[in-house]
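Starting from the given sequences, assemble the full structure and let the hints guide the process.
2 protein chains.
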Amino acid sequence: MKCTPGIELRDLEEMNINIDPIQAGGRLTADAMKAVIAYGDGYSVCDNCRKPFRLDYIEKPPIATFHDDLAAFVGMDEARVVPGARRGFQAVTGTYVQKGDPVLLTALSHYTEFVAIENAGGVPQEIPKDDLNIIRADAAAERIEEVSRTFGRPPALLFIDHVDYQFGNCHEVREIARAAHRYDIPVLLNGAYTVGTMPVDGKDLGVDFVVGSGHKSMAAPAPSGVLATTAERAGEVFRTTQARGDLTGRTFGIKEVEMMGCTLMGATLMGMMASFPHVRERVNRWDEELANGRIVVDALRSVEGTVVRSEMPRRHTLTRVDATASFDRVAGRHKKRGFFLSSALKKRGIVGVIPGATKVWKFNTYGLSRAQAEYVAAAYVEIAEENGLSVAPPDERA
Amino acid sequence: MKCTPGIELRDLEEMNINIDPIQAGGRLTADAMKAVIAYGDGYSVCDNCRKPFRLDYIEKPPIATFHDDLAAFVGMDEARVVPGARRGFQAVTGTYVQKGDPVLLTALSHYTEFVAIENAGGVPQEIPKDDLNIIRADAAAERIEEVSRTFGRPPALLFIDHVDYQFGNCHEVREIARAAHRYDIPVLLNGAYTVGTMPVDGKDLGVDFVVGSGHKSMAAPAPSGVLATTAERAGEVFRTTQARGDLTGRTFGIKEVEMMGCTLMGATLMGMMASFPHVRERVNRWDEELANGRIVVDALRSVEGTVVRSEMPRRHTLTRVDATASFDRVAGRHKKRGFFLSSALKKRGIVGVIPGATKVWKFNTYGLSRAQAEYVAAAYVEIAEENGLSVAPPDERA
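Chains as they are written, first to last, in the working numbering: chain A, 5 to 402; chain B, 5 to 402.
Since the hints were made in silico from the structure, they are not lab data.
Fair warning: there could be bad hints in the mix.
Treat identical chains as interchangeable: a pair holds within one or across any two.
[Stated by the list, open to error] Pairs of lysine-lysine residues, derived as DSSO-like cross-links and limited to a Cα-Cα distance of at most 27 Å, are as follows: (1) Lys55 / Lys363; (2) Lys6 / Lys38; (3) Lys350 / Lys55; (4) Lys55 / Lys207.
Since this is a predicted model, take the numbers as computed values, not measurements.
Here it is, written out as structure tokens:
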């Protein structure tokens with residue numbers, strides 16, 4: 005079915021259960037959809053922009069209030085909307101990282117953190133993960149010491165993923181922040197997989213910056229995100245322009261340099277705002293989300309040879325599975341080869357898995373109902389059994 | 005009427021004729037609206053992202069083709085979508101401007117150009133405008149010479165607004181680019197008010213970069229825009245990441261540093277794509293747009309004391325009017341003070357003018373039908389007459 009003459013309609017979410025690792029938290033709410041329709045036009049939110057002419061001061065629609073709510077939501081003092089989490093990273097590296105400065109991130113860091121550091125001319129240095137794929141505070145402290153010795157100065161900034169994109173694991177954020185602060189290193193929490201799906205309190209964690217992704221975890225259109233910080237750091241990362249026209253003498257008011265002036269207008273912002281009351285409420289149901297995720301995880305673990313590579317028990321709905329000794333063995337003898345699994349899932353209305361992947365893959369059950377989680381769990385078991393893999397409850401195997 | 009419990013419905017465009025200077029070119033087409041609805045979810049366009057995993061390589065929906073079409077549309081070799089024109093500026097300053105480098109822009113440059121330069125640590129230097137508010141090539145050449153002497157090196161980059169936001173005037177772009185190239189200075193064309201509304205051919209103009217705004221002039225949701233360049237410059241501004249995990253050895257493929265990896269996903273991109281066939285066609289009707297704009301301009305000039313501050317005859321639909329000696333005189337004696345004008349327009353269903361502004365203001369007739377333009381023109385004349393201003397055809401006054 006056509007959406008426009010050149011574009012197919014997208015009905016993937018309406019027609020299927022989608023367990024794609026990056027799409028789960030960014031599906032729009034019905035309210036977001038309404039707002040996107042009403043505020044689709046380019047500069048739609050600027051109807052009532054008055055002096056001092058900045059997006060986060062607009063009161064109609066209630067953008068100013070939303071900014072306050074957003075800061076409070078992540079337990080910080082000030083927040084700005086940004087075109088994606090990566091642009092939040094870029095604002096922070098742009099502020100703190102000079103050419104040649106070492107910057108710490110982790111062995112599980114997302115590529116956008118590397119790019120943000122590279123963009124500012126910094127030198128990314130990884131904190132190693134342990135055997136369980138967790139970033140520990142002692143590893144962070146050691147790396148701070150080592151990097152400080154090598155570069156003759158402490159790292160300019162430290163990135164820590166609240167929950168990483170590879171395993172969906174939780175890391176020792178609070179302890180890492182404490183270690184970093186002993187060296188006066190500002191700490192940026194990458195909450196792309198947590199802000200908007202589970203409770204996040206930046207001050208409680210002791211970080212300087214919380215970055216979230218609207219399109220990944222806040223039920224908002226892309227590109228959208230949030231950069232929040234403390235009162236102490238706000239004057240640095242949200243500093244206003246000092247530029248001046250050398251001939252005209254023009255100055256540019258309170259536009260913020262790292263924000264490039266006004267930030268998200270129109271559909272992206274309004275989608276984020278319309279979803280926000282739902283997002284604020286849904287983080288309190290995180291336990292239900294985890295319970296649903298565990299149903300699928302348990303089903304996969306019941307398939308002989310299947311190993312969950314993420315930490316157990318699961319504390320996030322994004323999970324990495326290693327089926328080299330189970331589904332991938334089937335792939336070796338199946339006429340559809342590796343495609344048998346995605347194809348069997350698709351037949352059952354389950355999508356979001358990479359076609360052909362049977363060795364190691366990730367899935368995300370965020371937003372599934374209990375019934376849908378049970379359906380996905382049963383589907384994996386069924387497919388295993390149909391293909392001659394033996395199935396037994398994981399506790400009987402341990 | 006409510007859109008969601010906390011957000012009022014926006015029906016400004018449906019219920020009124022909107023002559024706001026920045027909103028006219030960014031109203032969505034019906035196809036864009038459909039695409040925004042179908043692709044509203046965060047990472048909606050990523051369903052079929054395959055190796056080498058970059059947004060502009062996705063074929064379903066036809067994002068790859070769109071990128072080719074977009075480059076051709078502005079007469080350049082390569083194009084990327086960006087979250088707003090300002091992020092295109094930032095990518096270019098990030099590539100070419102080192103701390104302390106002089107960068108040329110003009111006395112009519114938009115503030116986002118200043119901020120992009122400041123963001124990279126550059127020193128903005130203005131090319132003066134002449135008495136008619138036009139940026140001339142001889143002024144550019146002089147300023148290049150002068151700045152080169154002062155800084156001991158030529159400017160790192162030169163910004164020229166195709167049509168500026170203050171007067172909607174056309175400048176000597178081709179001649180300025182030629183002058184800059186004699187000093188090997190790359191030239192960025194700010195096409196925020198032209199790409200998507202009038203024909204733009206970057207190679208014909210001889211510029212190195214063309215930047216356009218999706219939400220300002222391409223009937224797309226915000227934030228969106230385009231950065232296009234020549235084959236020669238593409239390797240510089242679109243350079244791929246060299247980052248490497250020092251412990252894990254991870255590398256990050258062909259993600260582009262200044263793009264921060266993948267760019268516009270979801271609603272913004274798909275809105276832009278869905279509007280594109282219409283946008284490509286509408287630039288050919290620019291003459292009709294100019295004709296409609298002139299109807300309103302002539303009407304305003306027919307009001308005694310009203311002066312058009314933009315160049316005449318108008319070559320753009322954005323126009324600056326000085327009514328200090330006409331409508332503003334009325335404001336001095338009217339019981340609504342300066343609000344009489346916006347209020348009288350609103351009563352007639354005409355919006356997009358700053359409430360209370362009677363001295364100098366801007367309007368944009370882009371996208372009005374002939375009948376709407378005539379209606380707006382008649383409204384101004386009527387309001388003038390109702391308030392005791394005399395009206396005569398401008399040619400009888402000259």
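Homomeric proximity label, Lys55 with Lys207: Cα distance no greater than 27 Å: neither (32 Å within a copy, 39 Å between copies)
How do Lys55 and Lys363 come out at 27 Å by Cα distance, when the copy is not named: within, between, both, or neither? between (57 Å within a copy, 17 Å between copies)
Quick one: Lys350 to Lys55, C-alpha cut-off 27 Å, is that within a copy, between copies, both, or neither? Answer is between: at 21 Å across copies they meet the 27 Å cutoff, but 53 Å inside does not.
What label fits Lys6 with Lys38 when the C-alpha limit is 27 Å: within, between, both, or neither? both (21 Å within a copy, 10 Å between copies)
The structure does not agree with numbered hint 4 stated previously, though it agrees with all others.
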